[in-house]
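**Q** Taken in sequence, the protein lines are chains A and B. Reading the first sequence from the start, the letters are residues 1 to 285 in the working numbering. Reading the second sequence from the start, the letters are residues 1 to 392 in the working numbering.
These aren't lab readings, by the way, just hints derived from the structure by calculation. Keep in mind that this is a model prediction, so the values were computed, not measured. Where hints are given, some of them may not hold.
Taking CB as the label site, the calculated pair distances span [claimed, not checked]:
{"hint": "1", "chain 1": "A", "residue 1": "P186", "chain 2": "B", "residue 2": "E8", "range": "53 to 59 Å"}
{"hint": "2", "chain 1": "B", "residue 1": "N134", "chain 2": "A", "residue 2": "N70", "range": "54 to 60 Å"}
{"hint": "3", "chain 1": "B", "residue 1": "R179", "chain 2": "A", "residue 2": "F187", "range": "35 to 41 Å"}
{"hint": "4", "chain 1": "A", "residue 1": "F187", "chain 2": "B", "residue 2": "D55", "range": "18 to 24 Å"}
{"hint": "5", "chain 1": "A", "residue 1": "L268", "chain 2": "B", "residue 2": "T175", "range": "18 to 24 Å"}
{"hint": "6", "chain 1": "B", "residue 1": "N134", "chain 2": "A", "residue 2": "A119", "range": "42 to 48 Å"}
{"hint": "7", "chain 1": "A", "residue 1": "L268", "chain 2": "B", "residue 2": "N134", "range": "25 to 31 Å"}
{"hint": "8", "chain 1": "B", "residue 1": "E66", "chain 2": "A", "residue 2": "S127", "range": "58 to 64 Å"}
{"hint": "9", "chain 1": "A", "residue 1": "P146", "chain 2": "B", "residue 2": "Q126", "range": "53 to 59 Å"}
{"hint": "10", "chain 1": "A", "residue 1": "L112", "chain 2": "B", "residue 2": "Q126", "range": "50 to 56 Å"}
A partial selection of chain A residues facing chain B, derived with a Cβ cut-off under 10 Å [unchecked claim]:
{"hint": "11", "residue": "Q65"}
{"hint": "12", "residue": "S71"}
{"hint": "13", "residue": "D134"}
{"hint": "14", "residue": "V193"}
{"hint": "15", "residue": "P196"}
The beta carbon of each residue, even a glycine, is placed where N, CA and C say it ideally should be.
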Amino acid sequence: MQRGTREYAIWSIGILLILTFSLFPVLWIVSLSLKDPATITEGTNFGNTFIPQDITFDNYDALFQGGIDNSPFIKPLINSILIGLISTVIAIVLAAFAAYAIARLDFPGKSLILAGALALAIFPAISTVGPLFDMWRALGLYDTYPGLIIPYLAFALPLAIYVLVAFFREIPWDLEQAAQVDGATPFQAFRKVIVPLAAPGVFTAAILVFIFAWNEFLFAISLTSSDASRTVPAALAFFTGESQFTEPTGNIAAAGVIVTVPIIIFVLIFQRRIVAGLTSGAVKG
Amino acid sequence: MAEIVMEEVTKRFPDGTEAVKHMDLDVGDGEFIILVGPSGCGKSTALRMIAGLEDITEGEVRIGEEVVNEKAPKDRDIAMVFQNYALYPHLTVRDNMAFPLRLAKVPKEEIDRKVEEAARTLDLTQHLDRRPANLSGGQRQRVAMGRAIVRDPKAFLMDEPLSNLDAKLRVQMRTEVSRIQSRLGTTTVYVTHDQTEAMTLGDRVAVMRSGVLQQVGSPGVLYEHPVNLFVAGFIGSPAMNFTPGELRGDTVKSALGELRLPDSVRQSIGEDGSRPVIVGIRPESFEDAQLVGGDARARGTTVRAKIDLVEQLGAEQYAYFQLEGEGVQSDELRELAEDAGAHEVPSSGEGQVVARLEPASQIKRGTEAELWLDLTKLHFFDPSTGRNLAAR
């Protein structure tokens, strides 16, 4: 009992420290986004620096002013959402097939594929930006959705494949054979039995891919030139202040808060699906 | 419903090992046949070839006159019950049982009707909306059975369906399986390593060893007339006792003394002259000599032995004693003894013998007792080939 309480206290303190460390910057951004740009540098102590004296939503308003054509933010936000979702869907579908094959079938070059995927994942993105820029210009993919989605897939697929292979391996093979004997084609068995059971893995992989595409900056800034396909992280760099002499700090902070929200929603929705023990009861263990 | 025919079926894995060798098996329409053997004998592989989960390297499998070698499992119209049940954990019991029907595009009302009916048969009605994770082992096993019977398939294939249950439940489910099969009259191939299950369930039993089918026959035939040492040692519990002997004319010399064979036995063996043999004696061929009447004594002989141990089981008792000299050395018996799944073969190696006695017997451990031995029930095997000398 004594020991339990003490352990509990130690854990609580540890968790509190980590939370503070990771949440403090987020809170600061929120604080910045609520301040009038002119007062951002004001404040003499932590209290009145960190907590905005006059809360204003002007920074948020400014982002959406001018409608879809003139706002510096709306079009990139739409781009980010679409590019993120399309990349996620394609990556998960392709990764599911690839991972299934790797987990279930014995074919020559299997380990080579896994090793290749891993090599790709640790490949420095910066080294591909130059060639991609030239290639995309020549192919007409520069500043288009596919121009970003393709490199995102290349870097997200290895990750998704690795996550899914791990989950598929956990599923008893007997289930699939049972489905086949029950009258399912291999594809039906995959779709009706394997995929639902691997759902936690599929959602985990989906979240990871989406976050990757959502946060990606290097390709976004290098392979786009206009709002036609520029995503939020890249667009933030092009924000201007209200006048020549004001920094766009407040606007950037407000945009930062807004782009964080979808990620939080995404994780919260899928978190409920990522439950352990979904496969328990399938077979006697 | 259909008959299943395996003709010269061989399974060779890519690494060259042959799991099943030239297997011929004829399962009649509506017949309940048991494939039995120690683990690794190829019985599951044979079943999976019938199911289509394993490719057939050579030979032919026919289900209802139709060659199914190249057919996918789904087109064979068979239902399988797996050792670990293989229930779909994300579906309720109802959906698990409806799964094959939905795939077959059966109308919804009919699915409901069939699932309800199967649930009633298997006493699962109140569990229909639960998930497999919340069921006990026995209930899961029944769901797996239910998923098989709703479809009314040509054949049931069962791969050790009861081996994950505890002993009491296993006996209970055994009668259940038997009852369901005889009611539905569906051709059934049932794989097990448990010879008790094999003997009690099937119309016929097929014994396998290292991929080779040893003998197919009714439980009675396998018990009374095993074709070789392996079948003799595998079928029966406690197992048959073996001791080396020397056949000379109409007597056999062994550690039990010089036994004079009755004419019937002598004739069934056929061969004349002198040769080494392995003598096989079922535990129940022994009896406490005190309890044997005059008639019976005439067809047997008595042996004296120092009893090491008596196991009192109520309805019967087992007396263990040691024979002089070496035990039997045989690959087949060694294999049986090594197989943890099978019952032990007490007499392989050390020459220990077990005798089944009437409960009335007063024989005590540590005493020297006189045992009667029924000479008409002896089995003789060729020490080199293991073949039963009486087998034609």
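**Q** Work down the list of hints and note, for each, if the structure agrees.
**A** Results for each hint:
For the pair P186(A) and E8(B), the beta carbons lie near 28 Å from each other, so the given range of 53 to 59 Å is not met. Taking the beta carbon of each, N134(B) and N70(A) are about 58 Å apart, inside 54 to 60 Å as hinted. Restraint check, R179(B) to F187(A): a C-beta distance of roughly 37 Å satisfies the suggested window 35 to 41 Å. Judged by the Cβ atoms, the range 18 to 24 Å given for F187(A) and D55(B) holds: they are separated by roughly 20 Å.
The given range of 18 to 24 Å is broken by L268(A) and T175(B), whose C-beta atoms sit roughly 52 Å from each other. A hinted range of 42 to 48 Å for the beta carbons of N134(B) and A119(A) is consistent with their spacing of about 45 Å. Checked against the hint of 25 to 31 Å, the C-beta distance between L268(A) and N134(B) comes to roughly 27 Å, which is consistent with it. Between E66(B) and S127(A) the beta carbon distance is about 60 Å. The supplied range of 58 to 64 Å therefore holds.
For P146(A) paired with Q126(B), a C-beta distance near 55 Å keeps the hint of 53 to 59 Å intact. For the pair L112(A) and Q126(B), the beta carbons lie near 53 Å from each other, so the given range of 50 to 56 Å is met. Because the beta carbon of Q65(A) sits about 48 Å from the nearest beta carbon in chain B, more than 10 Å, this interface hint is broken. The interface hint given for S71(A) is broken, as the beta carbon of that residue sits about 44 Å from the closest beta carbon of chain B, more than 10 Å.
Because the smallest distance between the Cβ of D134(A) and any Cβ of chain B comes to about 47 Å, over 10 Å, the interface hint for this residue is violated. Checking V193(A) against chain B by beta carbon gives a least distance of about 6 Å; that is within 10 Å, so the hint holds. Residue-level restraint check for P196(A) holds (minimum Cβ-Cβ distance to chain B is 5 Å; threshold 10 Å).
Checked against the numbered hints given earlier, this structure breaks hints 1, 5, 11, 12 and 13; the rest are met.
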